[in-house]
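These protein sequence lines are chains A and B, in that order.
Using my numbering, the letters of the first sequence map in sequence onto residues 678 to 1080.
Using my numbering, the letters of the second sequence map in sequence onto residues 4 to 278.
No lab work stands behind these hints: they were computed from the structure.
Be aware that a few hints might be false.
Think about it this way: if two alpha-carbon atoms lie no more than 25 Å apart in a straight line, the pair counts; the simulated DSS-like pairs of lysine-lysine are [unchecked claim]:
#, chain 1, residue 1, chain 2, residue 2
1, B, K43, A, K691
2, B, K272, A, K734
3, A, K714, B, K272
4, B, K215, A, K691
5, A, K906, B, K7
6, A, K906, A, K815
Nothing here was measured: the structure is a model prediction, and the numbers come from that model.
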Amino acid sequence: MSETIIKVEGIGKKYIISHQGPEKYSALRDVIARKTKKWIKRKEEKFSAKEEFWALKDISFEINQGEAVGIIGRNGAGKSTLLKVLSRITEPSNGRIEINGRVASLLEVGTGFHPELTGRENIFLNGAILGMSRVEIKNKFDEIINFAGVEKFLDTPVKRYSSGMYVRLAFAVAAHLEPEILVVDEVLAVGDAEFQKKCIGKMDEVSKSGRTVLFVSHNMGVIAELCQKCILLDKGEVKLHDKTNKVLDQYNVLLSNSFSVYENKSQLNNSLHIKSISIQSRSGNNIFSFNEKIILKAELNITSEYFEGIHLGIALLDKWKRKIFTTHKLLEGSEKGTYFLSIPEQLFLNGYYSFDAALFVPNSSVFEYLKDICPFEILDFSSEMAQYASADTGIIQVKCEWN
Amino acid sequence: MTFKTIIEPGRSEKNYWKDLWRYRELFYILSWRDIKVRYKQTTIGVMWAIIRPLLTMIVFTFVFGRLAKMPAGGNAPYAILVFAGLLPWQFFSNALTESSNSLIGNEKLITKVYFPRLIIPASSVITSFIDFLISFALFLVVCIFYQYTPPVQIFLMPLFWIMAFAASFGPGLYLTALNVKYRDFRYIIPFIVQFGLFISPVGFSSSIVPEKWQWLYALNPVAGVIDGFRWCLIREAPNPLFHYPFYISLTVIVFFIWLSIYQFRKMEKNFADLI
């Protein structure tokens, strides 16, 4: 069982960022113009506008057969690039990878689905794209439609499917792949809760049957449930490759070391948006003590006259990114743009927390939804539970009575 | 474990062609998808493949045959002469246009899954080939209409189909790769197609080109293909196999195929980053 199936040695991936224009591809006319200019000037111009960017730097690890490995890290840490390199979509700039087995990558649900084709046709199309043979798909056809639950709509073009049905069908095809190595990127973020459960079950089944699963997600709960081991990426480097629990703790440390301010940097013309959200503890960073109130400051931009019924919602998340509670406030008018939320002291125990924030009209529309922002840590030296330092005593302290 | 992959930068994969073979089912299914979608989306789907060559034939016959009074070079009706040239030309121009836009049109696939990218332009040429077959059936109908019997060489037709296929696949492959890299390349393609129509012997017979310029004329790969088609379909047309210009065209075709595959494979690995 402990045979090495993936061996990665010093992989790096370099991108050249050009600051000359916003396009990532060049136009022939620009290239010609540049070359001509250079030829006329007859001197070497330094292309200061170009900059190298290493999305991955010297990545090395080994994965054994039958392991389910989670890959975590902040946005832009290089997770997706790593998966792309592993699944041969893009070539690494240096290093070497040895893979013993067929790789099927699932970086998106329903890759290659064509809206004009029927469900049945799309199963064959998508299956082929993911590397299944016609015979394989035929054998599993019934299983696939059962899993997706779309029997009735098999001969309807998928453009008429609801988004839920679409996702279910797409995942069903992917779930019946039988490669030695399955590479999955965040696909579980879609679909309803019940279906997600089904998907996790299926993935668990896959890894238990001796196949190897590589899984990228922001959902720490799922990672913890599914993966025995994790790789933590930060700025394109492997920070830690260890048991899931250890890696998740390290990840949370990494998060809380970042400054706890969310700022909307993009200058959107949107008349209604969240400008910034910040928290600050007495010690000036984002580590709070148990006896300290947590004050959250939200600055909003409401220039529109139409603000009726808009709420600002804030949810507190635990370290698994599950919501602990949500609180909301009806916005009063365009004059007021800054709101303070105070979370009572002596309630939350040792641990890592963060927020979700949203602007919405209840049961109607969501204008903005910010996920997992302003992480902070609570250090508890004074509660009753503080003595159990490393044991998991829960998230909150409730003053109960014993008789 | 039967399958072992090694990923290294710049590694020219030894099993590239093996991979291509392994993914042949994807090739079938992508061609099938393109064909299916093509004839599903447009209500006049198949009609389109008929109307276009038919109208072009009428206009060309009128302009070149009646107004310019070009020699037909035999007893065949001018319309048949034009149509026999139009068949490969329209196949070529369609295939070139379709395949050169194929990679960009399948951006999602390229950034999300691995497979030999060669499959995409190849399958788009297949779609044009189906259009071509429809036009070919139409040609036979036109023959019946004129009560014209094509010569026995018509049974050699598939050989020239392959040649036409090769002639359009080569440049198409190169163009689609360039199209990924330089997005304004697509503005050049209609120009190539339009220009090509006039330097290819579509509206006239290639025999009107002076003997001393024949070699230059044959550098256009489609010229050789059209001569081949004419020979198979028109009784009086000369056998191109006995004339050297045909072999120039053939060489150009083979050269383009080699060049395109070479260039395509070099650029292929960066498509996902560029597109």
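Hint by hint, here is what the structure shows:
Distance check on the hinted pair: K43/B and K691/A sit about 43 Å apart at the alpha-carbon level, beyond 25 Å; violated. Simply put, K272/B and K734/A have alpha-carbon atoms about 19 Å apart, close enough for the 25 Å limit, and the pair holds. Distance hint between K714/A and K272/B is unfulfilled; the C-alpha atoms sit about 30 Å from each other, more than 25 Å. Taking the CA atoms of K215/B and K691/A, the gap is near 54 Å; set against the 25 Å cutoff, the hint is violated.
A threshold of 25 Å between alpha carbons decides the hint, and for K906/A with K7/B the separation of about 24 Å falls inside it, so the pair holds. Between K906/A and K815/A the CA atoms are separated by roughly 35 Å; this puts the pair beyond 25 Å, and the hint is violated.
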